[in-house]
Amino acid sequence: MRVLKPFDYFEPGTVKEAAQFLTTHGGKAQVLAGGIDLIPRMRIGKKEADYLVNIRKIPGLETIEASGANGLKFGAMATLHSLEASKAIQDDYPILYKAIHQISSVQAKNMGTAVGNICVATPASDVATALFALGAELTIEGVDGERKESIQKFCVDYGRTSLKENEIVTEVFLPRPPAGTGSAFMNLIRTHADIAKVSIAVAITVRDGVCEKVRIAVGAAAPTVFRAIKTEAALKGQKVTHEAINEAAETAAGETKPITDLRSTAEYRREMTGVLARRAMEKALQQVKA
Amino acid sequence: MKKEIASFKVNDRAHEVLITPNMTLSELLREHLGLTGTKNACGAGECGSCTVLVDGKPILSCSTLAIAVQDKEILCIEGLSRGPELHSLQEAFIDAGAIQCGFCTPGMIMTAKAMLEGNPNPTRDQVKEGLGGNICRCTGYVKIIDAVMGAADTLSKGGK
Ligand SMILES: Cc1cc2nc3c(=O)[nH]c(=O)nc-3n(C[C@H](O)[C@H](O)[C@H](O)COP(=O)(O)OP(=O)(O)OC[C@H]3O[C@@H](n4cnc5c(N)ncnc54)[C@H](O)[C@@H]3O)c2cc1C
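Protein chains in written order, with this note's numbering: chain A, 6 to 295; chain B, 12 to 171.
Check each hint, because a few of them may be wrong.
Some chain A residues judged to face chain B by a derived CB distance under 10 angstroms, without partners named [unchecked claim]: (1) R7; (2) I44; (3) L57; (4) Q112; (5) K114.
Listed below are the simulated BS3-like cross-link pairs for lysine-lysine, each with C-alpha atoms no more than 27 angstroms apart in a straight line [as the list claims (entries may be wrong)]: (6) A:K10 x B:K20; (7) A:K103 x B:K139; (8) A:K103 x B:K68.
Negatives, chain A to chain B, calculated, CB over 12 angstroms [unchecked claim]: (9) F26; (10) T127; (11) E255.
Honestly, the hints are just simulated from the structure, not real lab data. Cβ coordinates follow ideal geometry from the N, Cα and C atoms, glycine included.
My request is simple: use the sequences and hints to build the entire structure.
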């Protein structure tokens, strides 16, 4: 097996220290979290770094904290396993739980972080798809202080985020879904260990049979995970009838920009986005009724 | 690249090794400590054959830097037996014929060990789910699951 190219290693004690180090070394330094994406990429030469900045010793980054009526926040070093095991996430953000639970590798969940997953910015991320539908907001810190950004703005393009070379994502905030919200996560996958052909996450809030609020997130069907905003706009304020759902599913399929690759053709991805979106909306609505 | 002497605790024994930051945990085990039971295969986190336990949790040693696990308890396949006496999981793999080429076996056993500690009496489906990150390319999964079920039985009756 190929040996990793030489690099130097730093374990900062604070976010400030990490940001300063990243500033000093420009694009030559990379943040290391769980390493399950970064290390294999470095091994095959797809990523290069003269310095790795391991953020594991920065206090507080591992926490998962439910703050009652407001929502829930978790830190950059919260592993997928710890998020999956969190009772608060299982109860109040079940689509995040499902997106993580369907990952077949126990080892990947013990090592990998949700923040690392989003920073990779792959369109086929199930975890990001769930986080889009939950309206996740990120806290990003650099030497000049912190900024907040929605996950949609953060995921700029295929493999590209809004992060500057010297910035670190420190925290993810999930607003608490309002009463009357149902949600569903689904993906289409050949075998569990493979990457999804399409993933869908839906969160819909209904009052008196009318859609008050909805987020529909689609993964693996465009250069980034994306929110089907036309579909969302068309549903909002509408009665959630069968016809409305069927029409919305078709609109969602039309919002994709899929590619053909070894897992699927573009055409199939588009079709299946419609099918999964319909099923996910139906499932979410059943939860509202229950 | 900086070289440093680092201390590791592997299979309950302390070691001091001259390392560089780019050394992975699997390289440390195999090439510097002579513990070649842990296998390197895909190098991409997909196959699980490099699985060892760090602080009791299964992780991928091919994607873990040695420098980052200096303060941790590392357990690999060589740490399971007591002298010539094999661990129940090792016995069960032999008894069930769960070893074909044997390349995935150390990783399977380490993952299974952690799983059985968390869930001493799993169902077959739970065993399948628990081993989801370990691939057997001889496709001998049925016997591997038989072995883990057998070991669970032995261990719950007080075996080691
Ligand atoms: C076997 C396997 C199965 C998988 N299955 C799935 C699946 O089914 N669904 C799914 O969605 N994903 C899946 N994944 C992807 C996995 O979730 C991600 O690779 C993992 O979570 C990345 O996190 P990490 O902490 O290891 O990141 P690292 O590898 O440490 O980092 C990845 C990138 O993010 C940057 N980074 C990390 N943290 C920060 C931070 N706080 N601030 C700024 N930059 C940062 C790093 O610099 C690097 O560029 C799978 C991965 C494996 C190996």
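These are the hints, each one checked on the structure:
Taken as an interface hint, R7 (chain A) checks out: its beta carbon lies about 7 angstroms from the nearest beta carbon of chain B, inside 10 angstroms. Restraint check, I44 (chain A) versus chain B: the minimum CB separation of about 4 angstroms is within 10 angstroms; hint holds. Look at L57 (chain A): its Cβ gets to within about 7 angstroms of chain B, closer than 10 angstroms, so that hint holds up. The interface hint given for Q112 (chain A) is met, as the beta carbon of that residue sits about 5 angstroms from the closest beta carbon of chain B, less than 10 angstroms.
Because the closest C-beta pair between K114 (chain A) and chain B is about 8 angstroms apart, less than 10 angstroms, the hint holds. Distance check on the hinted pair: K10 (chain A) and K20 (chain B) sit about 26 angstroms apart at the alpha-carbon level, within 27 angstroms; holds. Between K103 (chain A) and K139 (chain B) the CA atoms are separated by roughly 18 angstroms; this keeps the pair inside 27 angstroms, and the hint holds. Note on K103 (chain A) and K68 (chain B): the hinted pairing holds, with a Cα-Cα distance of about 21 angstroms set against a maximum of 27 angstroms.
The Cβ of F26 (chain A) sits about 14 angstroms from the closest Cβ of chain B, beyond the 12 angstroms cut-off, so the non-interface label holds. For T127 (chain A), the requirement that its beta carbon stay farther than 12 angstroms from each beta carbon of chain B is met, with the minimum near 14 angstroms. With a cut of 12 angstroms on Cβ distances, E255 (chain A) stays outside the contact zone with chain B, its closest approach being about 35 angstroms.
Checked against the numbered hints given earlier, this structure breaks none of them.
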